[in-house]
Amino acid sequence: EAGVTQFPSHSVIEKGQTVTLRCDPISGHDNLYWYRRVMGKEIKFLLHFVKESKQDESGMPNNRFLAERTGGTYSTLKVQPAELEDSGVYFCASSQDRDYRNSPLHFGNGTRLTVT
Amino acid sequence: AQTVTQSQPEMSVQEAETVTLSCTYDTSESDYYLFWYKQPPSRQMILVIRQEAYKQQNATENRFSVNFQKAAKSFSLKISDSQLGDAAMYFCAYRTFYNQGGKLIFGQGTELSVKP
Chain X
1 EAGVTQFPSH SVIEKGQTVT LRCDPISGHD NLYWYRRVMG KEIKFLLHFV KESKQDESGM
61 PNNRFLAERT GGTYSTLKVQ PAELEDSGVY FCASSQDRDY RNSPLHFGNG TRLTVT
Chain F
1 AQTVTQSQPE MSVQEAETVT LSCTYDTSES DYYLFWYKQP PSRQMILVIR QEAYKQQNAT
61 ENRFSVNFQK AAKSFSLKIS DSQLGDAAMY FCAYRTFYNQ GGKLIFGQGT ELSVKP
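Chains as they are written, first to last, in this note's numbering: chain X, 1 to 116; chain F, 1 to 116.
Among the hints, a few may not be true.
Distance ranges between label pairs, derived from CB positions [what the hints assert, rightly or not]:
(1) X/Ala-2 x F/Ala-1: 45 to 53 Å
(2) F/Gln-83 x X/Gln-80: 39 to 47 Å
(3) X/Thr-73 x F/Pro-41: 23 to 31 Å
(4) F/Glu-10 x X/Glu-57: 30 to 38 Å
(5) X/Glu-85 x F/Ser-74: 27 to 35 Å
(6) F/Ser-7 x X/Thr-73: 35 to 43 Å
(7) F/Asp-81 x X/Thr-18: 42 to 50 Å
(8) F/Glu-10 x X/Glu-85: 19 to 27 Å
(9) X/Glu-85 x F/Ser-113: 26 to 34 Å
(10) X/Glu-85 x F/Thr-20: 40 to 48 Å
Please keep in mind that the hints were generated in silico from the structure rather than gathered at the bench.
All figures in this text were calculated on a predicted structure; none of them were measured in a lab.
Beta carbons are placed, not taken as given, at the ideal position from N, Cα and C, and that holds for glycine.
If we strip away everything but chain X, and leave its shape as in the complex, we get (with noise of 0.2 Å):
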């Protein structure tokens, strides 16, 4: 099976630019998670959708950023407009089911976001 696809792999944009990150779960995954790790710091939950609805966004930093999961398929996570300390690796998860025992969690290769 294909696994979580993330892209762009690298995004490169100015202070006050819009970016738009995209996830694409594994096929039938209902549950999506999106995590970001600054520079050398731990990684930090951001969000997590069940199907298209927004089970638990506590961790979104501001009203910057919005995420969205229309049709339960794949997922964008928009930043705008982008500030310095956004800049980071940006990951997305899915799972078949929310018991992990049953159905672990697979990660994407991560989206490098860097603002100048």
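Once you have looked at the hints, place chain F on chain X.
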């Protein structure tokens, strides 16, 4: 709130030797899950090993084993007979037991290099 701490930003090991990566966490919960994830350079993050807090026996997966000390809130990863392919960033992570679809809480990561 739960936290995970990895105090070793970098570690190095000689090929075929053994190395131990440290992880401590803080939680008020009695039941939870702990994980070690590995992210090779430019590749996706994969699960190395997991431990259920209610199990006293330390988890083992081939050359990978953990030393789970619940009272001390410590969860170290031991890699035996290190191989060049073990070179990667290693993340320790926590997940609450009571929300199966819940988010992972990660540590800062430890970058492991393996010397031939």
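Structure-based check of all given hints:
Taking 45 to 53 Å as the suggested C-beta distance range, the pair X/Ala-2 and F/Ala-1 does not conform, at roughly 35 Å. Separated by about 44 Å at the C-beta atoms, F/Gln-83 and X/Gln-80 satisfy the suggested range of 39 to 47 Å. The hinted window of 23 to 31 Å between X/Thr-73 and F/Pro-41 holds, with their beta carbons roughly 29 Å apart. Distance hint check: the CB atoms of F/Glu-10 and X/Glu-57 are about 34 Å apart, consistent with the given range 30 to 38 Å.
As the Cβ distance of X/Glu-85 to F/Ser-74 is approximately 32 Å, the hint placing it in 27 to 35 Å holds. A hinted range of 35 to 43 Å for the beta carbons of F/Ser-7 and X/Thr-73 is consistent with their spacing of about 40 Å. For the hinted restraint 42 to 50 Å between F/Asp-81 and X/Thr-18, the CB-CB distance of approximately 49 Å keeps it satisfied. At about 24 Å, the CB distance of F/Glu-10 to X/Glu-85 agrees with the hint of 19 to 27 Å.
Here the CB-CB span from X/Glu-85 to F/Ser-113 is close to 29 Å, well matched to the stated 26 to 34 Å. Distance hint check: the CB atoms of X/Glu-85 and F/Thr-20 are about 34 Å apart, inconsistent with the given range 40 to 48 Å.
In terms of the numbered hints stated before, the structure departs from hints 1, 10, listed from lowest to highest.
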